[in-house]
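**Student:** Modelling step: build the complete structure from the supplied sequences, incorporating the hints.
2 protein chains.
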Amino acid sequence: MKQKQYHLKCVNCSTEYSPDEVLYTCPKCGNRKGTLEVVYDFTSQTNWVNEKKTGIAKFSSILPIQEDLLPTTVTVGDTPLYSSARLAQEHQVKEVFIKDDGKNPTASFKDRASIIAVAKARELGYSDIYAASTGNAASSLSGICAGTGIQAHIFVPETAPEAKIAQMLIYGAQVFAVKGTYDQAFDLSLKTGEKNGWYCRNSAINPYLLEGKKTCSLEIAYQTNLNLPDWIFVSVGDGTVYSSFLKGFSDLKHLGLIDKIPRVIGVQATGCDPILQTFKRGKPFVIEDMEKTETDADSIAVGKPRDYLKACQYAEQMNGDFVSVTDQEIGEAIMELARKTGVFSEPAAAASFAGFKKMSKSKVFNPQDKIALIITGNGLKDIKTPKKYLKEKVAFISPYINS
Amino acid sequence: MKQKQYHLKCVNCSTEYSPDEVLYTCPKCGNRKGTLEVVYDFTSQTNWVNEKKTGIAKFSSILPIQEDLLPTTVTVGDTPLYSSARLAQEHQVKEVFIKDDGKNPTASFKDRASIIAVAKARELGYSDIYAASTGNAASSLSGICAGTGIQAHIFVPETAPEAKIAQMLIYGAQVFAVKGTYDQAFDLSLKTGEKNGWYCRNSAINPYLLEGKKTCSLEIAYQTNLNLPDWIFVSVGDGTVYSSFLKGFSDLKHLGLIDKIPRVIGVQATGCDPILQTFKRGKPFVIEDMEKTETDADSIAVGKPRDYLKACQYAEQMNGDFVSVTDQEIGEAIMELARKTGVFSEPAAAASFAGFKKMSKSKVFNPQDKIALIITGNGLKDIKTPKKYLKEKVAFISPYINS
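From first to last, the protein sequence lines stand for chains A and B. Counted the way my numbering counts, the first sequence spans residues 952 to 1354. Counted the way my numbering counts, the second sequence spans residues 952 to 1354.
The set of hints was computed from the structure by calculation and includes no laboratory data. From the three backbone atoms N, C-alpha and C, an ideal C-beta is built for every residue, glycine too.
Across the chosen pairs, the derived CB separations fall in these ranges:
1. A:T1005 with B:N1178: 16 to 26 angstroms
2. B:N1147 with A:K1338: 22 to 32 angstroms
3. B:Y1351 with A:K1338: 33 to 43 angstroms
**Tutor:** Here's what the structure looks like:
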């Protein structure tokens, strides 16, 4: 199958490149500022969705991959979009959607990017892929590589949750637990990956991964028959997931399928909110990294966000915004979401709900608004954190208590 | 919506009852032997599947529930059926399917029964449901009750895996951890539930739950366009899950949709195989309970299986069989399945693959055979067990190692 026509454009200096000119980032602006954007040629009649296909292959006409190189071992995407009448009523809005991306094969949103990484590695002839990760991107890459013949190499902070590390090992990845932060693991992964000639699955470096992530927004468009929510809430770590929603909707707008792009609200933890701070300071967007990250939400404990510039620029161009929530608010959000909707989410995933609740208190929504909360990971990925906030305990009893 | 016509029949004495005559088991034969079977009136033109519906509601024309009473908070069923070319080649069979039921809302097969329990509780006017469980049925009931206004009360052995207990509490169930075995928790649940007037979600007692479980076989029939596998491998604890596959296929045969019922092979752990032993001794099927259960596969650590009679009778009538596997074989099966197919399963779920591998070694399959492995729970439900069998370790490294 022929690849879609596209080129790459630097978000900092706007220089354009053809895909065979550069592998990852803008050579002029470097890794941090010079992240690239995939720009498609939509002049032809592009059919954005193929309903007969399963998972993200539905959208391959607007993805930068050869569809026949996507692994088919497991299905990525096709996750449920629930509508919670109860939450809509409680917050006096028209509809509250729950996009349960914890139902992806490795139980996180990150599978949408990993499957693109494997397709690209195949196209470019790599047999090994590496990733730095707070946990989910790595367990995802490990699971999506399983059965494909491609070896995953993982760099995580040693503090990554036990369940995520277990996944990586069980799927057969090589796992390096770095005695330091995610940010240090990230830097180390780049050096080691380059030295060994491995393909890079770091979303802030590799421009194609955001395109995989954007399939979540495309799925929401498909599941709502293009009657999009007015607001999207999603947690923010490095910044790529946030940008992926605005990119997906922007692509749909370029295709003439929607008029208005939803307001995408990025949720950070108050103990680690460098992108929010950068955005609030305004243009030009200059990041101030945070040495210490203080949050239980491991997936968004990113003090040195690598893809901040794209996130801030997109937010500015497309009326996005950011909000921060405390760990206490996140912990309570896990429980409330599970009990009211049946969806058990990991801390970073529940941050989306916590952010929505916080803004709801400020009365920013009107009764006609439709909201979507993106649940980026399943609660089974980290059971330690919610336990801190549980008021209810197990009652240990004798088997003879009632006899 | 009108309920389907059906009656209840005792598997021991064959007495027939109308649904309003008995609540759970045959009054003559009691709880253990007198489990009831739901028998439908299939004389009318029954349309077995409604493709427009989501989840198990597809099959409500052959389920004993009012479709409009099924909770719609989350979607139960519609889990993927993968085909592993690699496993088929390695075992010299035509096809190996992986039915990944760990993708249900609470990450286990048991959601198929819990959703029926909630629909029935609503029909009968109960506000509380109780369950005894090794873990999955309980975390499932907790999650499926969430958001429905029905309160779950749970009885588990105190040894149930941490992740499953966390799920129950987070979903808002009342949890009793019994200082004893699953079998003791079961007996205690019956007494407590009866005393408090709660509805019973114990599959071996409540005849409707097996009907929910049979939707997995119906989904396989739907996903294969009625070109069924020749063999099904599924792990066995109490016996109900095993029977549910044969019941589902049997219903399809009564409807004239299939000629041949697949051979359903129940897999038990060598350290806890009372149903296998009972079946091997032959008719009349007299159970010998096991005081001690020695297996890491917590979901099938059932020494006193409550639904053994139906399982043995169905196996005898429909050419089923049982096989047992060691914990070592189960542990290795978790890793092999994850690495070759990308599906990470909990120990009891991987037992199906271990059972298949054992029989494959004995050359019982022919090259035209199609196999389906039922993955009844996600691996994130128990990460401690596979770690025992992992040869690979995490490499702890300094962030400065390569600088």
